[in-house]
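Sequences and hints are given; from them, build the entire structure.
Sequential numbering of the sequence shown, starting at 1, is according to my numbering.
Just so you know, these hints were derived from the structure itself, not from any lab. These numbers come from a predicted model, not from an experiment. Even glycine gets a Cβ: it sits at the ideal position worked out from N, Cα and C. Take the hints with a grain of salt, since some may be wrong.
[To be verified] Here are the computed distance ranges between Cβ atoms for each label pair:
(1) E359 <-> S171: 24 to 30 angstroms
(2) E368 <-> E303: 39 to 45 angstroms
(3) E141 <-> T279: 41 to 47 angstroms
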Amino acid sequence: MDDLERYLSIRSAYGASLRADGEQLSFLLDTTGIPEVWSLDGPERWPVQRTFGDERVLFCTHPPEGTELVYGRDEGGNERTQFFKLDADDGTVTPLTATPDAKHYWGGFSHDGDRFAFASNRRDEAAFDVYTQGLDEQGDEATMVYEGDGILSPVGFDPADERLLVIESHSSFDQDVYVLDLSNGERHHLTPHEGPVRFQSTRWGPDGDGVYCVTDLDADTLNLARIDAADGTIDTVVEDADWNIDGVAIDDESDNLVYSRNVDGYTELTVGRFDGPTTIETFPTPDLPAGTAGGVSFGPDGERFALSAASRTVNTNVYVIETETGATERWTAAPTAGIPPETFRAPELVHVDSFDELEVPGFLTLPENAPDGEMPVIVDVHGGPESQRRPSFGGLYQYFLANGYALFEPNVRGSSGYGKAYTHLDDVEQRMDSVADLDACAAWLADHEAIDPDRIAVMGGSYGGFMVLAAMTAYPDRWAAGVDIVGIANFVTFLENTGAWRRSHREAEYGSLAEDREFLESISPINHVEKIRAPLFVIHGANDPRVPVVEAEQIAEAAAEHVPVETLIFEDEGHGLSKLENRIEAYRAVVDFLDEYV
Numbered sequence: 001m002d003d004l005e006r007y008l009s010i011r012s013a014y015g016a017s018l019r020a021d022g023e024q025l026s027f028l029l030d031t032t033g034i035p036e037v038w039s040l041d042g043p044e045r046w047p048v049q050r051t052f053g054d055e056r057v058l059f060c061t062h063p064p065e066g067t068e069l070v071y072g073r074d075e076g077g078n079e080r081t082q083f084f085k086l087d088a089d090d091g092t093v094t095p096l097t098a099t100p101d102a103k104h105y106w107g108g109f110s111h112d113g114d115r116f117a118f119a120s121n122r123r124d125e126a127a128f129d130v131y132t133q134g135l136d137e138q139g140d141e142a143t144m145v146y147e148g149d150g151i152l153s154p155v156g157f158d159p160a161d162e163r164l165l166v167i168e169s170h171s172s173f174d175q176d177v178y179v180l181d182l183s184n185g186e187r188h189h190l191t192p193h194e195g196p197v198r199f200q201s202t203r204w205g206p207d208g209d210g211v212y213c214v215t216d217l218d219a220d221t222l223n224l225a226r227i228d229a230a231d232g233t234i235d236t237v238v239e240d241a242d243w244n245i246d247g248v249a250i251d252d253e254s255d256n257l258v259y260s261r262n263v264d265g266y267t268e269l270t271v272g273r274f275d276g277p278t279t280i281e282t283f284p285t286p287d288l289p290a291g292t293a294g295g296v297s298f299g300p301d302g303e304r305f306a307l308s309a310a311s312r313t314v315n316t317n318v319y320v321i322e323t324e325t326g327a328t329e330r331w332t333a334a335p336t337a338g339i340p341p342e343t344f345r346a347p348e349l350v351h352v353d354s355f356d357e358l359e360v361p362g363f364l365t366l367p368e369n370a371p372d373g374e375m376p377v378i379v380d381v382h383g384g385p386e387s388q389r390r391p392s393f394g395g396l397y398q399y400f401l402a403n404g405y406a407l408f409e410p411n412v413r414g415s416s417g418y419g420k421a422y423t424h425l426d427d428v429e430q431r432m433d434s435v436a437d438l439d440a441c442a443a444w445l446a447d448h449e450a451i452d453p454d455r456i457a458v459m460g461g462s463y464g465g466f467m468v469l470a471a472m473t474a475y476p477d478r479w480a481a482g483v484d485i486v487g488i489a490n491f492v493t494f495l496e497n498t499g500a501w502r503r504s505h506r507e508a509e510y511g512s513l514a515e516d517r518e519f520l521e522s523i524s525p526i527n528h529v530e531k532i533r534a535p536l537f538v539i540h541g542a543n544d545p546r547v548p549v550v551e552a553e554q555i556a557e558a559a560a561e562h563v564p565v566e567t568l569i570f571e572d573e574g575h576g577l578s579k580l581e582n583r584i585e586a587y588r589a590v591v592d593f594l595d596e597y598v
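What follows is the structure in structure tokens.
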């Protein structure tokens with residue numbers, strides 16, 4: 001195993017679910033090279049592998065009663081998730097959905113554990129219907145309880161198992177909340193509003209009379225709110241004018257809850273108990289790595305909960321926390337491939353003034369003993385665009401840092417985490433302003449005492465791949481090399497070919513084919529490819545349902561007429577690289593590419 005393979009083999013344990021009796025914790029672990037379900041019955045005990053296959057497991061969850069487990073897989077990264085039931089006693093796996101041409105969104109168990117809810121586009125590829133299904137039923141035995149005409153997702157049964165919460169997503173920043181009566185199929189709209197408003201992390205309250213969520217209704221940031229399930233009245237529970245409240249988890253047996261704040265990318269948890277519909281008694285704060293945390297799963301009576309946490313210097317593991325005391329134990333021991341954790345480097349949070357004096361936050365990480373003026377740097381751009389680079393762990397990052405590269409991760413305008421106004425600064429006609437932010441960050445790096453201004457590379461995935469290509473065409477002399485991973489080269493062909501269920505959702509962010517085609521063509525990197533001056537590496541998955549592989553094929557072919565281009569297309573991957581063997585092949589080639597040109 002070479003140095004790069006070791007860093008890429010640093011494992012992650014996450015996606016935890018506590019069994020109903022509290023005696024076992026199940027979680028995802030990528031020891032085999034892809035995420036599979038593992039279980040253990042105590043802190044840092046030897047885990048038992050529960051699932052075995054060639055494709056990744058996407059989630060696992062225990063029902064409120066019994067010892068079974070449900071998990072989801074897709075095939076080759078196609079995102080058409082199928083559900084399976086695992087018998088804890090004999091390991092038998094039973095397919096629950098068995099509709100491989102359709103997508104399935106998990107919607108939670110009923111409180112008696114006898115059935116579950118989900119949404120699927122079985123009937124119409126562009127629309128999601130809501131279904132319920134018995135845990136002992138299979139495939140076509142599911143019952144459609146609501147026929148949809150958009151992107152619908154059930155998110156939980158009420159305490160009486162008579163109603164479902166259903167979210168309709170119009171875009172990443174515009175949702176609506178409905179209550180679906182399972183006795184008659186009628187849907188009650190709780191959140192009529194004008195303009196884009198987020199209603200996210202939606203949960204039933206313990207009594208079923210209210211619904212809790214985070215929303216930016218009448219605010220720039222996401223606040224924790226309660227919606228009356230009868231009349232839709234919305235009351236603020238926790239307000240933060242500076243930072244988003246990312247999400248909330250609620251245990252309806254105990255009234256206990258956990259919510260998180262996103263403070264400049266870092267997670268801050270609050271643990272407590274409802275002391276009334278809109279008041280909370282808080283408990284001591286858990287002791288977790290200073291980075292990111294999430295994925296709360298409560299145990300029996302809400303006395304403890306599990307979640308996953310990581311930082312830039314601590315790989316992702318599952319922790320179990322006593323709710324009232326905050327006592328924290330790490331239960332999993334995901335290995336670091338023999339690499340001493342003390343060698344991992346932590347970032348510095350910086351702010352860069354852009355062309356219009358907007359402050360762009362970013363994480364700068366330098367190798368140990370960085371020599372002045374000689375350091376190559378990789379500018380790594382997140383996808384989304386409604387996403388955020390946060391200080392979680394990355395083995396590839398630590399490899400680059402250990403081998404002499406600096407790393408800069410900007411959150412350009414359009415990133416989430418800094419308020420609604422910041423997020424909308426790159427909408428449609430303002431798209432290239434975010435690319436100008438990227439150039440401003442590169443200029444700032446060029447003036448940094450440790451950085452060699454002639455050795456600045458840009459890398460990114462998905463929308464970040466578009467940013468790579470756009471930066472290389474708009475500011476061609478700034479970059480020594482570029483790495484485009486599953487990126488958008490042509491907004492017109494991207495919107496024409498992306499999954500039918502996503503098209504209107506993405507048009508809300510980028511602009512529509514009907515009204516904005518000329519503008520979309522004007523900013524598409526493929527139409528300015530002759531301006532690229534630096535070598536380019538293009539990576540894509542042949543099964544990508546979000547950014548179809550034609551985006552990689554057309555930019556690689558066109559750019560090769562002007563600059564050196566390397567291309568890797570993986571036949572068994574989708575939107576990104578999930579299999580360890582493919583990641584090793586891809587990033588070994590990327591390292592060689594950067595070593596040659598940067």
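* To do: Evaluate the given range 24 to 30 angstroms for the C-beta pair formed by E359 and S171.
  => 26 angstroms, holds
* Is the hinted range of 41 to 47 angstroms satisfied by the C-beta distance from E141 to T279? -> 44 angstroms, holds
* Pairwise beta carbon distance, E368 to E303, judged against the given window 39 to 45 angstroms -> At roughly 43 angstroms between Cβ atoms, E303 and E368 fall inside 39 to 45 angstroms, so the hint holds.
Hint check: no violations occur; every hint is consistent with the structure.
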